[in-house]
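Chain A is already provided as a structure; the job is to place chain B on it using the hints.
Chain by chain, the residues:
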Amino acid sequence: SQQGEEDPQALSIQEGENATMNCSYKTSINNLQWYRQNSGRGLVHLILIRSNEREKHSGRLRVTLDTSKKSSSLLITASRAADTASYFCATDGSQGNLIFGKGTKLSVKP
Amino acid sequence: ETGVTQSPTHLIKTRGQQVTLRCSSQSGHNTVSWYQQALGQGPQFIFQYYREEENGRGNFPPRFSGLQFPNYSSELNVNALELDDSALYLCASSLEWGSTEAFFGQGTRLTVV
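If you read the sequences in order, they're chains A and B. Each residue of the first sequence is one higher than the one before, counting from 1 in my numbering. Each residue of the second sequence is one higher than the one before, counting from 1 in my numbering.
Calculated from the structure, these hints are not laboratory results. Cβ coordinates follow ideal geometry from the N, Cα and C atoms, glycine included. Misleading hints may appear alongside valid ones.
Stated by the list, open to error - Partial list, derived from the structure: chain B residues whose beta carbon lies under 8 Å from chain A:
{"no.": "1", "residue": "Q41"}
{"no.": "2", "residue": "G56"}
{"no.": "3", "residue": "A102"}
Said to hold, decoys possible - Quick look at which bits of chain A chain B covers, simulated, 3 or more residues with Cβ under 8 Å:
{"no.": "4", "stretch": "35-43"}
{"no.": "5", "stretch": "101-109"}
Said to hold, decoys possible - In silico DSSO-like links for lysine-lysine, alpha-carbon gap of 30 Å or less:
{"no.": "6", "chain 1": "A", "residue 1": "K26", "chain 2": "A", "residue 2": "K69"}
{"no.": "7", "chain 1": "A", "residue 1": "K105", "chain 2": "A", "residue 2": "K70"}
{"no.": "8", "chain 1": "B", "residue 1": "K13", "chain 2": "A", "residue 2": "K102"}
{"no.": "9", "chain 1": "B", "residue 1": "K13", "chain 2": "A", "residue 2": "K105"}
{"no.": "10", "chain 1": "A", "residue 1": "K70", "chain 2": "A", "residue 2": "K26"}
{"no.": "11", "chain 1": "A", "residue 1": "K56", "chain 2": "A", "residue 2": "K105"}
Only chain A is shown next, with the shape it has when bound in the complex (with noise of 0.2 Å):
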C-alpha cells in the first residue's frame, strides 16, 4: 500500500513560473524525502525533511512540513524545462524501506 499521496497527479506550467506540488501521507514519520523520475529511469534524492522541521531549502526548492497535517510541499522556483519529470515524496518504512507516492508529473513548457 503506498502511504503518501501526491497533489495534482500532474502541472503544466511555463518555464520561470513557480511549481508546487503536496504530499499528504498516513502515519507518523521520522523524515520525509522528495524524489525526482526524468521519463521512467532512476530516482535522484532531491531533499530530506526531518520530522522536527519545518520548513527546508536547496538551491531552488523549499520544502516544508506539517506533521499536525500529515502533509508536506515541494516547491520549484523560476522553473526550468530541465525540471520537467515526476516528482515522488516518500516516508520511511518500518523495514528500513521507503514507501512512496503515486507522484506528481509536471511538464514545464519552454
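This is chain B only, laid out in the frame that chain A set:
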C-alpha cells in the same frame, strides 16, 4: 550518476519464464533494496538485503527472491513470470541499514508477453 548500475536495461520474457536482474551497489554501501514500479505508479518495496541477509520484505509472493553477494552486488529473481510483472525494477543502495538516503540505479524495464 549515482554509482548504482543495473543490468540489463530492457528485457522481454514470456509468461511462465524466470528472470534474473542484477544490481551493482554504490561503493561502500552494504544495504540494497529492490522496488517494482508499474506504469503510472510509485515504486513499491519488494525486499531489502543487509550484509547478505534479507531483512525486510514488502507484499510480494515468494516467487520474488533475491541474493546479495559479499561485494554487496545483488540479484532479483522472479519465477513463473506473470503479465502483471511487467514493470520497471529499481535497485537502490544505502550506506547502512536505516540510512535516510537511497541511491537508485536507472532500472530494468521488464516486459512479460
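* 30 Å limit on alpha-carbon distance, applied to hinted pair A:K105 and A:K70 -> 21 Å, holds
* Asked: At a threshold of 8 Å, is the proposed contact between B:G56 and chain A supported by beta-carbon distances?
  -> Hint holds; B:G56 Cβ to chain A Cβ min 3 Å, cut 8 Å.
* Asked: Going by Cβ atoms only, is B:A102 closer than 8 Å to chain A?
  -> Check passed: Cβ of B:A102 comes within 6 Å of chain A, closer than 8 Å.
* Would you mind confirming whether the straight-line C-alpha gap from A:K26 to A:K69 stays at or under 30 Å? => 10 Å, holds
* How does the coverage statement for the stretch 101-109 of chain A fare against chain B, requiring three or more residues with Cβ below 8 Å from a Cβ of that chain? -> The restraint on the stretch 101-109 of chain A holds, since 3 of its residues have a Cβ under 8 Å from chain B and three suffice.
* To do: Take the C-alpha atoms of B:K13 and A:K102, compute the straight-line distance between them, and say whether it is at most 30 Å.
  => 26 Å, holds
* Asked: Keeping to a limit of 30 Å between CA atoms, is the pair of A:K70 and A:K26 held or broken?
  -> The given pair, whose Cα atoms are some 7 Å apart, holds under the 30 Å limit.
* Asked: Counting residues of the stretch 35-43 of chain A with a beta carbon closer than 8 Å to any beta carbon of chain B, are there 3 or more?
  -> With 5 residues close enough to chain B, the hint holds.
* Asked: Are the Cα atoms of A:K56 and A:K105 separated by 30 Å or less?
  -> 22 Å, holds
* To do: Using Cβ atoms only, decide whether B:Q41 comes closer than 8 Å to chain A, and label the hint accordingly.
  => 6 Å, holds
* Starting from B:K13, check that the Cα of A:K105 is at most 30 Å away, please. => Judged against 30 Å, a Cα distance of about 29 Å means the pair holds.
Going down the numbered hints, you'll see the structure goes against none, and every one checks out.
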